[in-house]
Amino acid sequence: MSFDVRPGSVHSIIGPNGAGKTTLLNLLNGIYAPSAGRIVYDGRDLTGTAPHRFAAAGIARTFQNLQIFFNMSALENVLVGGHLHARCGLAAALLRLPGRTAAEDAYRAQALELMRFVGVEEYAAAPADALPYGALKRLEIARALAARPKLVLLDEPAAGLNPTETAAIDELIKRLATAGVTVILVEHNMRLVMGVSDHIVVLDYGKKLTEGTAEEVRNDPRVIEAYLGAAAAET
Amino acid sequence: MLARLARARTGGLAALVAVVALLPLALTNNYHYEVAIVVGLNAIVCVGLNLLIGYAGQISLGHAGFYGLGAYGSAILTVRYGWPPAAALVASTAGAAALAYLVGRPILKLRGHYLAMATLGMGIIISIVIATEDRVTGGPDGMAVAPFAVLGFTLAGERVWYWVIGAALALAVWLSLNLIDSPAGRALRALHGSEVAAQVAGVDPARYKVLAFVISAVFAAVAGSLTAYYAGFITPAKASFLHSIELVTMVVLGGLASTFGAVIGAAVLTTLPQVLTLLKDYEMMVFGAVLMLCMIYLPRGLVPTIADALARRRR
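Going down the list, the protein sequences come from chains A and B.
Numbering of the first sequence is given in this note's numbering, commencing with residue 544 and proceeding in unit increments.
Numbering of the second sequence is given in this note's numbering, commencing with residue 220 and proceeding in unit increments.
One thing to keep in mind: the hints can contain errors.
Stated by the list, open to error - Cβ-Cβ distance ranges computed for the label pairs, FRET-style:
| # | chain 1 | residue 1 | chain 2 | residue 2 | range |
| --- | --- | --- | --- | --- | --- |
| 1 | A | 644 | B | 249 | 55 to 65 Å |
| 2 | A | 579 | B | 359 | 23 to 33 Å |
| 3 | A | 651 | B | 510 | 31 to 41 Å |
| 4 | A | 676 | B | 248 | 55 to 65 Å |
Simulated from the structure, these hints should not be mistaken for lab results.
Note that the structure is a prediction, hence the values are computed from the model and not measured.
Backbone N, C-alpha and C fix where the C-beta goes; we use that ideal spot for every residue, glycine too.
Please build the complete structure, drawing on both the sequences and the hints.
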């Protein structure tokens, strides 16, 4: 299993259910450790280290089944996303030193800006559990971006969304790539995948079946076979 | 809205200071003061414990151990080694913090019931050591503590101690509110909300869980030390498993993840048994029933439930 990722482009990973797409993402940010092989990012060997080290290396992600901090406000969710950039000494935090308050205001302004970028700024002060599903999906993206990542892994960002909301995600992914962020996208919505991807990798049973541009992949008989079964490919 | 949150925070602190300042008008005798002081001491422990249980989402059934370390550390250093009381307070608190760090590193990897068992074990070990090392601690009979004297002044009498504990409680609440609203505090709460998402955002779970454990141990040890100086006599009961359970119950009753809830929980559970003594034999039965009814009808605790009800009515 190997594929190249160019900075600032959108790479999609597709494949039938159980092909190992989410597993691959979990390996790429340290939630799972590989039983064999190495994970090298930006010249750094991250194999077997904890997820927060992957975050420090510049990899952020969203989750297929939402992992929102429901005990916090929407804005605070995004603030946690920027954790690595919010250096604040314990004494300064406990004693509420003046310099800290100014820094805190700056973090809030940045987080609000990101919420505007993904289109959920109206919910800034709301508790996260008061947000509709579509907004939570975008809130996860804002939280991932708050880490100022070089690479962001999006795990089914359009799952469960209506066509309007999906179009907003489509637009958002394109803007991310324009902003120079590399995107690895796992998604079942083929229209979204074909529309935004510079490069597509097709997985089946944990192995790479093929890869290429949207056009190449769409016309590959092996892809059709994997999705629909051998019989469909023959007819 | 953000401004309103900031106001709610300072408003709550101002209300607490006002209550502490005005309460003496209602306290007519030394016994009343005594109860108010014990409320304050328990509330300090609960505010710290709430950072661990309510905000970071980690259980501890052994915090009376840290309370006991603060109390006995101060007592032993002043009586047996002649340390100045303030230095003994700092040293015993530092000792409790060091123990919390050493124990916390390995056991906070555990979750749920397993963490509960491990902290329970730690608390029991501390209380057994205190009860059996009778040459140093006085054993089950307890030991006398020298009064708190600093720069020639001696703190004595309920009325003086009331203000000392009141100020200490306001300080504890202020520190806790500050922490919760900082990057470190948000990291703690994020671990409670979704550990995997917090990790992916760069939060090191071990580091922040241990931080909450150490801070809550410091709050407990300071309260324990103040208890020793105030009471002038300590027994192992305050370091016992039963007291750990009482502390957790106060936090849960007041409302998890609510600093003021921890204070209210401590106030209710400390004063209720005093009021219920009027019922004589039925005291513990009614006490238990009140707890059960609270948990059935107010599962989120007193303060969050009441705050929500008020917010809904205002709308």
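Note to self: 31 to 41 Å was suggested as the range; check whether the CB atoms of residue 651 of chain A and residue 510 of chain B agree with it.
What the structure shows: Between residue 651 of chain A and residue 510 of chain B, where Cβ atoms are some 40 Å apart, the hint holds.
Next item on the list: Go ahead and decide if the range 55 to 65 Å is satisfied by the Cβ distance of residue 644 of chain A to residue 249 of chain B.
Entry: violated (42 Å)
Item checked: Range agreement (Cβ of residue 359 of chain B with Cβ of residue 579 of chain A, hint 23 to 33 Å) -> violated (59 Å)
Next item on the list: Mind checking the hinted window 55 to 65 Å against the Cβ distance between residue 676 of chain A and residue 248 of chain B?
Entry: holds (59 Å)
When each numbered hint is compared with the structure, violations occur for hints 1 and 2.
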